[in-house]
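First to last, the protein sequences are chains P and H.
In case it helps, this note's numbering puts the first sequence at residues 150 to 584.
In case it helps, this note's numbering puts the second sequence at residues 150 to 584.
These are computed hints drawn from the structure, not numbers from a lab.
A couple of the hints might just be wrong.
One copy or any two copies: either way a pair holds, since identical chains are not told apart in the list.
[As the list claims (entries may be wrong)] Here are the simulated lysine to any residue pairs, SDA-like style, with alpha carbons at most 25 angstroms apart:
1. LYS390 <-> HIS422
2. LYS484 <-> GLY185
3. LYS484 <-> GLU175
4. LYS199 <-> ARG576
The residues making up each chain are set out below.
Number of protein chains: 2
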Amino acid sequence: MAPVDVPVALLGYGTVGAAVNRFLHENADNIERATGHRLRVVRALVRDLKKQRDFPAAPGVLTTDFAEIADDPEISLVAEVMGGLEPTNDYIMRLLRGGRPVVTANKQLLAQQGAELFAAAQEGGVQLRFEASVCAAIPVIKVLREALVVTNVHRILGIVNGTTNYILTQMELGAEYEEALADAKRQGYAEMDPTEDVSGADAAAKMAILATVAFGSRVTLDDVNFEGVERITSAHVSAAKQMDMVVRLVGRATLVEGGYDVRVSPALVDRAHPLASVEGAFNAVMLQGDAIREITLEGPGAGGIETASAVIADMVSIIGTKGTGFLHNDACWRKIDRLPAGELRSPFYLQISVDDRPGVLARVAERLAAHGISVARLVQSQIDGGATLHVISHEATYGAVETALAEISALPESREIAAAFPVISQRGISELGWA
Amino acid sequence: MAPVDVPVALLGYGTVGAAVNRFLHENADNIERATGHRLRVVRALVRDLKKQRDFPAAPGVLTTDFAEIADDPEISLVAEVMGGLEPTNDYIMRLLRGGRPVVTANKQLLAQQGAELFAAAQEGGVQLRFEASVCAAIPVIKVLREALVVTNVHRILGIVNGTTNYILTQMELGAEYEEALADAKRQGYAEMDPTEDVSGADAAAKMAILATVAFGSRVTLDDVNFEGVERITSAHVSAAKQMDMVVRLVGRATLVEGGYDVRVSPALVDRAHPLASVEGAFNAVMLQGDAIREITLEGPGAGGIETASAVIADMVSIIGTKGTGFLHNDACWRKIDRLPAGELRSPFYLQISVDDRPGVLARVAERLAAHGISVARLVQSQIDGGATLHVISHEATYGAVETALAEISALPESREIAAAFPVISQRGISELGWA
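Just chain P, same shape as in the assembly (with noise of 0.2 angstroms):
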């Protein structure tokens, strides 16, 4: 059993950094009577001594020397909360090789690093956890590790990107995609660049990661197939809602037979189903598993007090867990392929916009039907001249769905470039239609 005095180091000092010292500093108690060990932030790394801080540090404890925290034999454990590629990777690395265990809450870097971490973590002979690195305070990397041990999960539905989710809400209380990203701005909500956020490989990453640790098979950020929401309109928000569903940012981590598939993408949600109702910048995971049927766990995903709550979280499950064998390994342990990019199958609505001309809606069911597309419901609507088909698929292929529109697109009577989301409902197919 380690000693109760714990002494920690953080990478970072930061808003998370900060909140990190100042709930250990606050909670030392809470904390000792759960694990029987008081943490104590001993050193934090920063680049600029003289910053004016949130939750100052006590004097020592910021330094800009790396080697201080490596070299100090007597630190129990290092947080990474400083973010970015490198150095990042390489602090990391040196400190799993040496034999000390990391928290980090670093998504880009363990969705492209993954495997050399986790093996250097290996070659430590200690633990890497990562629990803030998805959704922040939602504890579900722990819960897919610990707690779902016995079940084989084999898909996962995410709203793992608060910014893009906080945007889509706005655009069903009727803002346009511009306002809605400026106001996400002014909120906070999103960064003065919002690129990863809202090209959705932000929500990749999470996936990546999420995927890895469900399916025991490497899952990187190129694994992952991902669009985000800069080409949703309001008329694709207003066509959801008169069909009772709401557009929102899903990320799909899905095993089926012959491999997995990882994918994010703007999606028609069924009202009724659970992660219809996550609005705002909020997150919500649904595992599907053996012996779970699904659990969902919803909550804030993002912010510095519940990224640093999730951080010592981690830190305290590392000393809980010290020499016991415990989750000292790497989550992967098979290989298992990616399925091709287009074979996973869904139920699609497409929008496609055409001249209003007699034999156009043969020409556009034509194509559907030689791509094996099915059509569950399909209603028209007239617009300045033209019409909008609204079309609900049974289930097809993504690669089909891509083909079939391609295709449409190019007819001489498109007015737009057709769009396809795939439908999540727990409803059949053809319950689903136009109020």
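Following the hints, complete the assembly by docking chain H onto the known chain P.
For chain H alone, coordinates are given in the frame of chain P:
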């Protein structure tokens, strides 16, 4: 570090026990990868060795003699899945005092004898884990104790009984209470004697356990004020519907200045609230705390394999934290007083049926005002020469509402006992109302 082979025993080998044995068999490799250990059921206590079972135990595993488990030093931990208060309590006490870690799924035992059980665990220097006692596979205990260690959770809202939630969602679809209950029995969601579920006693035991863990102070079944669904009528359900709310049996644990309050009662839940979308036999628990705002966990709250999944997660967590001091103590470290029964505040919906005579509204309004109950919305509807008053109040104490209602029910114009339901909404009360 414990050896790879970990012999374990079960008290009980019914549906849950057999599922635990089966999962440990089928997932032995998964568990060894995650923990470094292989768990193996070597003994299971039963009453009848000859009974046919789902997943038969290996020869020699079943026994009718508790001493074969208690006296076998090879057995590393014991999972209690036999239920009941005695002799179960006696068995667990003896195991814990003898230094044997125990996992239990027994909510009534924990909610009634928790203090003694945890004292015995402390005496024996071992863990007592109880995830499966609350909401089966939904890992709310693990999340509270391990993930939210620096979040002072001060409020829990839960739908923690699947039977009553099934009944209420069936009533929403038009069934009367008796029909819905009969249907729940047919579907296997209600027992032949459904008293423990429909009276709220089952939910009350779960809320006592959750409150104990969240608040760090012992809350027993006796400390929970509970009321079931037996008096819910279709008039209540349809009034809720007209206000875009649903009737749910809600457990509510609150920590305020001056004490805690834990109660279970039917409540009106705003459709926009995450708990409103919990349908059928599903459960959900919303945890509100300092660092997390709120986290909601939703899933199946009962079932043999779901319960077995939680039991195994606890077994694995005990093995994975052995000898570290982690959670080797009772969650209770302080003594918080119970708030006097009537003092908790909430907005309410009141349904009052009266003869339609001049002056009656004034008399009802006068009784409300006399007890400081401020009306936010009032709608009067005519029924059979009488009138039903639908009132949404601003926050008032439970005590004031109870007294006012008793006085109103005693008015000569009163047609039936008036009903009051707390209203649960994240919107302002003034946004709620009659459609």
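Same-copy or cross-copy closeness of LYS484 to GLU175 [CA-CA at most 25 angstroms]
Result: close only across copies, 20 angstroms inter versus 44 angstroms intra.
For the identical chains here, do LYS390 and HIS422 meet the 25 angstroms Cα criterion within one copy, between copies, both, or neither?
both (14 angstroms within a copy, 19 angstroms between copies)
Given identical chains, is LYS199 near ARG576, meaning Cα to Cα at most 25 angstroms, within a copy, between copies, both, or neither?
neither (58 angstroms within a copy, 44 angstroms between copies)
If the cutoff is 25 angstroms on CA atoms, where do LYS484 and GLY185 land: within, between, both or neither? Let me know, please.
between (39 angstroms within a copy, 20 angstroms between copies)
In summary, the one numbered hint that this structure violates is 4.
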